[in-house]
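> Okay, here's what each chain looks like letter by letter:
Number of protein chains: 4
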Amino acid sequence: MSHLHQDKKILNRIKRIQGQVASVEKSLLTPESSCLDVLQQVAAIKGAVNGLMQQLLEQHLREHVLKGDQNFDEEEMKQYLLLLDRYSK
Amino acid sequence: MSHLHQDKKILNRIKRIQGQVASVEKSLLTPESSCLDVLQQVAAIKGAVNGLMQQLLEQHLREHVLKGDQNFDEEEMKQYLLLLDRYSK
Amino acid sequence: MSHLHQDKKILNRIKRIQGQVASVEKSLLTPESSCLDVLQQVAAIKGAVNGLMQQLLEQHLREHVLKGDQNFDEEEMKQYLLLLDRYSK
Amino acid sequence: MSHLHQDKKILNRIKRIQGQVASVEKSLLTPESSCLDVLQQVAAIKGAVNGLMQQLLEQHLREHVLKGDQNFDEEEMKQYLLLLDRYSK
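Residue numbers (my numbering), protein chains in the order written: chain A, 9 to 97; chain B, 9 to 97; chain C, 9 to 97; chain D, 9 to 97.
Certain hints may be false.
Identical copies go unnamed one by one, so any copy, or any two together, can satisfy a pair.
[Unchecked claim] Keeping only pairs whose Cα atoms sit at most 25 Å apart, straight-line, the calculated SDA-like set for lysine to any residue is: (1) Lys-86 with Gln-62; (2) Lys-17 with Ala-56; (3) Lys-86 with His-72; (4) Lys-75 with Ala-30; (5) Lys-86 with Met-61; (6) Lys-34 with Asn-58; (7) Lys-16 with Ser-41; (8) Lys-54 with Arg-21; (9) Lys-17 with Gly-55; (10) Lys-54 with Arg-24; (11) Lys-75 with Gln-48; (12) Lys-75 with Asp-45; (13) Lys-34 with Lys-86; (14) Lys-23 with Glu-66; (15) Lys-54 with Gly-76; (16) Lys-23 with Met-85; (17) Lys-17 with Ala-30.
Read the hints as simulated data drawn from the structure, not as lab findings. Since the structure is predicted, the reported quantities are computational estimates derived from the model, not experimental observations.
Make the full structure from the sequences, and use the hints.
This is how it looks when you write it as structure tokens:
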């Protein structure tokens, strides 16, 4: 069974993305919405999906490479993940 | 009223993304799904959202900058959009 | 002859990037430089190269699609380029 | 002293990028070069700088988080780095 099975944090992110996508649909059916509104909403979905991807990759590193092992410096891990987020896009 | 109002092509893209997000949720609740499956599904959503964004930006160029005007070379426009997709990410 | 031939603005950007790449080389040969310094310098080069690419794509749009034509709204063009920069990466 | 100090592989990448940037400058000063040639050359520099960044981030993970430690599965590390390259951009 995958380490992602029923992972609350990941499921919550999915729920939020579903809500964001539904609101874009609503904007497209609402005459008053401007195309800039829709662009901004889609940009927010892009950000949310990228955030979900980063979390999945982090979990893959912790579960598969480090196998849940704890003998590394958690502060250095946090800095690595910060650098990854800032510089790898 | 925005040029995006009730735009069939955009609404269809939204529907497909909703389906993709729902299938990630399903994978997370299915014990047999591997984390690589989920990663691939989320990567596909990233691609679909990027495709939606490119289409919105193209329409913004045609409707707002060129104001639906047709006196430009459509072949050159297609090449520009191809270069944009290939090189601006 | 390409519209880019001897383009001062583009040549200046290239010069700046050459300077940035040379300073990374210098950091790699300087014992006191930290790896965070080098990461930051390379991130700055990434930004500069992306900026160069955006300028080349803008010129391609103006010269090849619009063929230097001026009968479009320059303010709308600026907004389109801003949206492109913000949302297409 | 940083683990990057006089790192041959990194220095070689920098040399190659310097060569690529010099050839863009040459193209800009050569009447026969087309703007598509220049776009392609700049895209290649983008790829080379991204590759350099990925290598720096990998070394940061190995040296700072894992502190050169070897008790993890190198095959899983390679897969993680592959997923990172494919999905995090």
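> Tell me the hint numbers this structure goes against, listed in increasing order.
Checked against the structure, the hints that fail are numbers 4, 13, 15 and 16, while the rest are satisfied.
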